[in-house]
Amino acid sequence: MKPRSKRLVLVGGGVALLVAAVALVLNAFQQNLVFFHTPTEVAAGKAPSGKTFRIGGLVEVGSIQREADGITVRFAVTDTARTIPVAYRGTLPDLFKEGKGAVVQGRLESDGTFRATEVLAKHDENYMPPEAAHAVEQAHKAGATVKQ
Amino acid sequence: MKAKFLVPLFLFLGLVGFLAFGLTLNPREVPSPLIDRPAPAFTLARVDDPSQPFALADMRGKVWLLNVWASWCVACRQEHPVLVDLARQKVVPIVGLNYKEVRGDGALDARGMALEAETGLAIERARRWLAEHGDPYTLSVLDIDGRVGIDFGVYGVPETFLIDGDGKIRYKHIGPITPENLQQVILPKLEEVRRAG
Amino acid sequence: MIPELGHFALVLALVLALVQAVVPMIGASRNRLALMAVGRPAAQGQFFFVAFAFACLTWAFVTSDFSVEYVALHSNTATPLYYRITGVWGSHEGSLLLWALVLAVWTVAVTVFSRHLPDVFLARVLGVLGWISVGFLAFMLVTSNPFERLLPGAPEGRDLNPLLQDPGMIIHPPLLYMGYVGFSVAFAFAIAALLSGRMDAAWARWSRPWTTVAWVFLTAGIAVGSGWAYYELGWGGWWFWDPVENASFMPWLLGTALIHSLAVTEKRGAFRSWTVLLAIGAFSLSLLGTFLVRSGVITSVHAFATDPKRGLFILFLLVVVIGVSLLLYAWRAPRLSGGGSFAFVSRETALLGNNVLLSVASASVLLGTLYPLFLDALGMGKISVGPPYFEAVFVPLMTPVVVLMMFGPFLRWKGDTLGPVVRRVAPAFVASVAIGVGTAFAIGHVTPRTVLGLALAAWVVLASLQQLLARLGERAGASSAARLRGLPSAWWGMWLAHLGVGVFIIGVSLVGSLQQNLDVKMKEGQRAELAGYTFVFRGVQDAPGPNYDAARATLDVSRGGVAIATLQPEKRLYRAQGMPMTEAALDIGPFRDVYVSLGEQLPDGSWIVSLYFKPFISWIWLGCTLMALGGIFAAADRRYRKLAERRAPAAAARQAA
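Note that the protein sequences, when read in sequence, are chains A, P and S.
When you line the first sequence up against the numbering used here, it's residues 1 to 148, in that order.
When you line the second sequence up against the numbering used here, it's residues 1001 to 1197, in that order.
When you line the third sequence up against the numbering used here, it's residues 2001 to 2657, in that order.
Heads up, some of the hints might be wrong.
Pairwise CB distance ranges (calculated) [stated by the list, open to error]:
#1 S:Leu2327 with A:Leu26: 55 to 65 Å
#2 S:Arg2335 with A:Leu26: 30 to 40 Å
#3 P:Glu1192 with S:Glu2148: 18 to 28 Å
#4 S:Gly2237 with P:Thr1178: 28 to 38 Å
#5 P:Lys1062 with S:Leu2150: 30 to 40 Å
#6 S:Arg2449 with P:Thr1178: 40 to 50 Å
#7 S:Pro2387 with P:Ala1020: 22 to 32 Å
Hints were generated in silico from the structure; no laboratory data involved.
Predicted model only: the values in this text are computed from it and were never measured.
Glycine is no exception: its CB is placed at the ideal position from the N, C-alpha and C atoms.
Kindly produce the complete structure, drawing on both the sequences and the hints.
Laid out in structure tokens, this is it:
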């Protein structure tokens, strides 16, 4: 192969690889980004149905209940304005507590319950997950400006 | 200098731009423009006796705390025992500002509700809540439409303002008060204000 | 008093670092031997003072001196001694001190083992390392002094984060930092080469062992970190694509590319500007990782407490170090093009292909890590990028890497003909696909991911065997032991590391396909079944530790009536911070782990227990171990030692003169 055509093949291969990689990344983003919504947004129907997303907020005090199997847990996540009921099957993280911040990931069922596949709490007890703090903040901002 | 060798540098500079912007996000503390300014004047009805008005000026000469709360506020429940405890020690008078008791509650639809009906409901809810969780307040006032809260720049409930004898806001605490920040920040600040005044 | 001495030692270290950064550089540009010679003692002195400061902080931890704020926040009198010592690097300030110490260790290693380097070159290398050290020591002294006093002293400390009170955390940070910071040596070599305009095979040969050793540390550090996550986080995951993990994984990917690119530059003189760029990139990503972890720009499950001022300082450091080196690159690299030419079908092309793929993979991890930040910065909402993204991008990118990785060694340098090589590897390739499909059916888990993983693993193993047999066949006549010994250490290094990738893939694929998990409510005497194992719950006792209270459950594990293990998972409550922790219990085996973690107690007195069956999971770490071992073999190759021996007398003669 002549140096010129060799160079062409290498550059062409590189460009093709890059295009493939970009396509791969975009496709993965398209399908796998997990959006974050506040309970108020979920209550307003702004959350996607049939897609995985996250809700952040405080675990409402007194809301944690266990079903008879002992494994399924129900609780409510609130941003102080709206509250979303959550069902989760599995072990809860050590730092999951009523009145503390938590982020749940899962899907919204047709009955309005959020079926969580993952419950996240932080590694530091003093620290509220930023997404949870964000949700509470948003709710307050909305409360201060919209609901005059 | 060939252009293609500059590509990594430009990519990096773009990245730095984003990182620098990222650093400015998510401020943990929100500076209040009201610090060391006179607190916005208000006159509001009391929760325990709505016929009696309470005015900011009534507290002139005292150093006191104004605590913004509502029965629908989850974080308020979290800080409430701290306040009850503080009230028991009688260190400082605490005035409660009950903020948008009815229309702030996402679970209720207050639109179209007459103001009187809303006030009645708010009083009932606030009293029940205080009876249930304890009442640390010297008195609580009703901010039905949230106007006073907005004047105070309330950002999220709960919030607590430290107001001095001249009626100036000297400190603002956002979010629930924990025993730690009460001991480490609020009480020392209170001492400082008292000594200065 | 001792903390003040430590603080003072840090100031002295900073002064010496400045000397090390400035004087040899001036000497190198004016060709003054006396000035260049300052670098070595300055570096060694700096090491002494940083080590002294480190010892002072350790002393403060050992004696529980709670008048030092950092100690009061991260230790406690009840904390066991070894966790008091590891508490030194348990948080921000101390881990920076560890960073500085590790950098000083690497710098001293350069002064000791690089006697064969030309003086001008060594002076520049030390100068660059000195500048990095100045940056970090200044960062520490200005924003994060670990010796900050707390007056009056606290009566008791807050204790180290319980998650870090684990044997894995004793060695994970030092190993990881040795890796991260080790790339600074490759970086310094690259910058020195750019400055001097000398960038030839000799430069690549000097750089290679340093880069490889740093890579070995990084590999080991990441592996230990992942092992820690596996048993400490309590649910048996071993990699989470968490921003902090990604921060260490990106330099690893680029470092892997760098090692291979250096090989081409050494053997064939090609890819020179590319190699330099990779050296800059690997270290830049290490710095970026530090920025991401320290600044709080990205919130992660294990981000340290954060402070915007610190973030700004590191960002500034990042801009100076990376910006200046990329500018230098743009200025000097155009002169580096050329080098050995090669045909399209050649080992160079295979290595180039892998290099590009690894870099793209690294970029895609970077993108996934920073994308939430981008969207947030643009006000487009809050999102999170989870494992599905990384897996969707990473698997397709790594598949050709693994195929090429085993194909490359069959190709000759410079040029080869495709036909015969393809015919040589075709049987192994076809057999691999067959094994992949066959095994997937045999284990009853036929998914594209499983088939792909098993086929790739088979390909690596078969092609490795074929390569070994081929190399042994070259020396017909000698005894097989002599033939094995006759192969160069560097070749063994490559072979082992590549084989390690295969073993790793076996682990990842099988645990991904066959793992099982069951959450059950258990009472004393109750049993549960999982994957053919029987678990009998024997109840829970109190088991207080030195600085925690614990409930310890006992479970008897048996299989087909044969007792296998007694596992005792714990639920701990660390007293000082009031923080609960799950301590899993494992029965580790070569072909499977049985993993039990204790959940919470229910009002009726029963406990929630999570049972896991993790087949072949230890192969993941076995694979990492083989990779690291391969790196050690590669770095120990005789030709590097020969190089040192040959140059040493010359250097001695020069010094005597």
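Cross-check of the supplied hints:
no.	hint	verdict
1	S:Leu2327 with A:Leu26: 55 to 65 Å	31 Å, violated
2	S:Arg2335 with A:Leu26: 30 to 40 Å	37 Å, holds
3	P:Glu1192 with S:Glu2148: 18 to 28 Å	23 Å, holds
4	S:Gly2237 with P:Thr1178: 28 to 38 Å	32 Å, holds
5	P:Lys1062 with S:Leu2150: 30 to 40 Å	34 Å, holds
6	S:Arg2449 with P:Thr1178: 40 to 50 Å	47 Å, holds
7	S:Pro2387 with P:Ala1020: 22 to 32 Å	29 Å, holds
In summary, the one numbered hint that this structure violates is 1.
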